[in-house]
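S.K.: One-letter residues, chain by chain:
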Amino acid sequence: MKNQRSIAGLGSRLLLLDGAMGTTLQRQGLAPGMLPEVWNLDRSQQVVAVHQEYLEAGAQIIETNTFGANRLKLGQFGLAQQVNQINAQGVRLARTAISQAGRSGTAWVAGVIGPLGELLEPFGPLTLAEARACFQEQAQALVAAGADLLLIQTMSDLAEARQGVLAARDLGVPVFCSLTFEASGRTLTGVEPEAAVIALAAAGAAVVGINCSLGPQEMAPLVARMVQLGLIPVLAEPNAGLPSLQNGQTIFPQGPAEFAAGIQGLIKAGAAVVGGCCGTTAEHIALLAQFAGQEVPRQQRSQGRLYLASRTGYTVIGAGEPIRLIGERLNPTGRKNLAAAIVSGDFREVAAEARKQVEVGAELLDVNVGVPGVDEVAALSKAVTVVSEVSGVPLVLDSTNPQALEAGAQAYQGKALLNSVSAQRASLEAILPVAKAYGAAVLGLTLTEKGIPERAEDRLAAAQVILETALEYGLDPNDIIIDCLTLTVGAQPEAARQTLKAMDLVKKELGLATVLGVSNISHGLPNRRTLNNVFLAMAAAHGLDAAILNPFALETKETLTCANLLTGRDGGAQQYLLTFGSVSPKTTIVPGSPGVQSDKAQQLRQIIITGAREECVPVLQELLSAGWSPLTVIDQILTPALEEVGRKYEEKVYFLPNLLLAAEAAQKAFTFLRSHMPSIQETFIGKALLATVEGDIHDIGKNILRALLQNHGFETIDLGKDVPVEMVVKSAQEEQPDIVLLSALMTTTLPAMERTVVSLKKIQPRLPVMVGGAVVTRSYAEQIGATGYAKDAVGGVQLAKELVARSK
Amino acid sequence: MALGQELVEPIGIGAMFPVDLKPQGLQIGPDLLIAGPRTRKRLGKITWAYLFAVTIGPKLEETAASFFSQGEYTKGVILDSIGSSAVESLAKEVNRRVVEGAIQVGLTAQERISPGYSDWPLEDQYQLCSLIGTTAIGLRLSAAAMLQPRKSITALIGLSTEATGDYATVLGCSGCDSVECQFRS
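Just so you know, the protein sequences line up as chains R and U, in that order.
My numbering applies: residue 1 is where the first sequence begins, and numbers increase by one.
My numbering applies: residue 1001 is where the second sequence begins, and numbers increase by one.
Treat the hints with care, since some could be wrong.
Said to hold, decoys possible - If you only want the chain U side, here are some residues facing chain R, beta carbon under 10 Å, derived:
1) A1064
2) A1065
3) K1075
4) G1076
5) R1096
6) V1099
7) L1122
8) L1147
Keep in mind the hints are simulated off the structure, nothing from the lab.
The model shown is predicted, which means the values in this text are computed figures rather than measured ones.
Where is the CB? At the ideal position from N, CA and C, for every residue including glycine.
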């Protein structure tokens, strides 16, 4: 990477960006739905005037009017051939404004690049290569026309942002990249702030940050989280407060003074570059000019602290963090089924294995597809994609084939750990450039041309060779983790002691994080499990930071938890108490039947919670044949699992799709149990009558409620949509339900809801009648005399249970 | 997504009508009179109204319903959302083309509004649909003025030679009396 141009003061002095372009042009008459970039050609004076206003206000970096000037977006307006022209003109207009203002040398032009407007696979149709080509075209046009830096902004998907940075980083100017976060603290596709900084800094961004969507107040805690990593300067460009959309008009509430006060909070949080996004004007920026040039304190990253990221989340290894568990089970060695699946190209088994390991606590996953005879280059790339889709943890790409590692690193949309490089010349020359090119960290084996050195001092020397060569290739020293190699103690009595001593030396002399594959120690010996665990505990005492382990081995995980506590890596003993301090859920739900059965019960519970409905029936069959009654299955497994799902939904851990997937799985279980035990009918907790009221044909909410009611043990009678008042009343008399639930979406059909409630109450005053639906409110429910109101299906089920229990 | 695309059968119909600014409201065609004060204020002195209807047809909602009855709730809900989003984009696209076309003939076009917004009664759907002849695209109205197929939109875009209409008169959430509504933004 050759950044010839640099921005004076970046990272040490506060730099001031400008404010909004799009919303400013709209106020000047740009019609909604029109491309602002077209004005670069048609009404260039107005664009220059906006730049001038911001320069006069004190902005040091002005942003070109090129946000949507990529091939895909321009193509929608028939302008795909003008990518170069529109971008070059955008830069020229900004330059013109700078020279007219006499600010050459003290103000810089940021070539702005926005999202492509299409989603990347697997969410959308765009491939990584297509996205990168689009970004490259626009970035080249901007730099060729003289942009001083590139600013990729308003990104939601880390994969898209990463392709942008990779496409832009080698053009000789610094690349700034900012994402847009929701109030929940994640982007639309679920990216955490830390993951964004880790992956994009590794990909080569000079500055990472946040713009748009939030006001300064909401943005500050997210900026603080980015800054504390101590990686690169952080940018913040908030909107003028949280916008409210009012029928086509977007209103931004904060005036200049309030906005400036908010920006002070961002500076306090550590932002090194600030400016304004939507709704901000030159007046907003003028009040920020007082902060420009302030000293920015830099967060130092502690030595030996390794960051890794997935497409959404991240993990920190080393420097006093708990020892991280790297799941080792995605490895076909000695596993016939997995190997066969990889050879046949069926990666469902790989996905399932990944998901299961994360469920039991793996914090990273090692991915190895080295089956003899398989095309490892294609297989690793496919496995990386499949595993990333089902798990949010960072990946360790494991192969002896450098081409396969390169393909995997290319497919991975985060910051991966490459497993592995050794101190052998050929290995260093093959792997380190891949790590640099794709922004990955490396796992270094203390292995030399002569094999594994016996003495600890020689392993240290090997680690040193790896570190020094990595530095020559431009890698960050903290992106290296060393494996001092476990040899089998049965063959060499000194093996364990030399490994542990080498770890001490690597820590002390080089300050690097360390990792071990533990199980090799016990090869050929009896009582392997205990031996492995004792060695793990000893390694912990010698500064182990991560271990490649089988996450399904309970004692091993318990050893790890204990070791973390004893080595001061479990502040406040939180993890220890969480693991051992209370009765775990699985011992409460199983009725005195340990062993295989309790595993199955736990498995069914997980199946419902994760909504893996295809796996449901075989487990139920095993439970029934082991003597569980359907009633016990419902009471002890299904109902608690569904309650857990409801809790997750309320806590916003789960969203509607998770809820529905769980409902489908539960539905499958209930159907199975019913078909095997007709007498199960007696277990219904009540009969519910549902209807969407007269005149209203929107029934999706009612259908979701019906599914959840069934799952929670209600017998349901669904009268459908647009149900006349008389029909509801008649059914209520004939069916004798325990509760009636009515829904309406439209305000215009609320009167029909009222008529239905009143008619029902007249005939059966004690029958509970619940109402809900988009426009129904609690006070409206009270006003029309309904017994209860719920705002969503989860709340509806809870209240229905209470009301039925009370009336019985 | 792919299934959704197969099931979406986009079709639309629309026409331009002169607007008669009468003391009692905006008269469009023989039967449609927009009398609500908020809607009138929002539209202002428009001289033309482009009325249109778009639908994605019945197939998608039928398939979504059958997913639901088979216990495939996720697929049902996702398909339903795809339908909503498809018909919204369809209306948006019509709006965009009208805005662009208007510029070319020297007119200013507003953003679309629909019966049922604010004080424009939903029942005016009947007049609007008969004016543009929505039966030609298979769009019908229920007794309660609901569009069928459900994934359909009817709307009006106001046009004038000079910018008119009070955009501060919002017909969306803040102009609505339902202050506790959970969808209020």
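S.K.: State for each hint whether it applies.
M.R.: Hints and how they fare:
Satisfaction of the interface hint for A1064(U) is found here, the shortest Cβ-Cβ separation to chain R being roughly 8 Å, below the 10 Å cut-off. Look at A1065(U): its Cβ gets to within about 8 Å of chain R, closer than 10 Å, so that hint holds up. At a threshold of 10 Å, the smallest CB-CB gap from K1075(U) to chain R is about 9 Å, leaving the interface hint in force. The beta carbon of G1076(U) is positioned within 10 Å of a beta carbon in chain R (closest approach about 7 Å), and the interface hint is therefore held.
A hinted interface residue such as R1096(U) counts as satisfied when its beta carbon comes closer than 10 Å to some beta carbon of chain R; here the least separation is about 5 Å, so the hint holds. Below 10 Å, beta-carbon pairs count as interface contacts, and V1099(U) has one with chain R at about 6 Å; its hint therefore holds. Proximity of L1122(U) to chain R holds as hinted, the smallest CB-CB distance being about 5 Å (cut-off 10 Å). Hint status for L1147(U) relative to chain R: holds, with the closest Cβ pair at about 9 Å, below 10 Å.
Of the numbered hints listed earlier, not one is contradicted by the structure.
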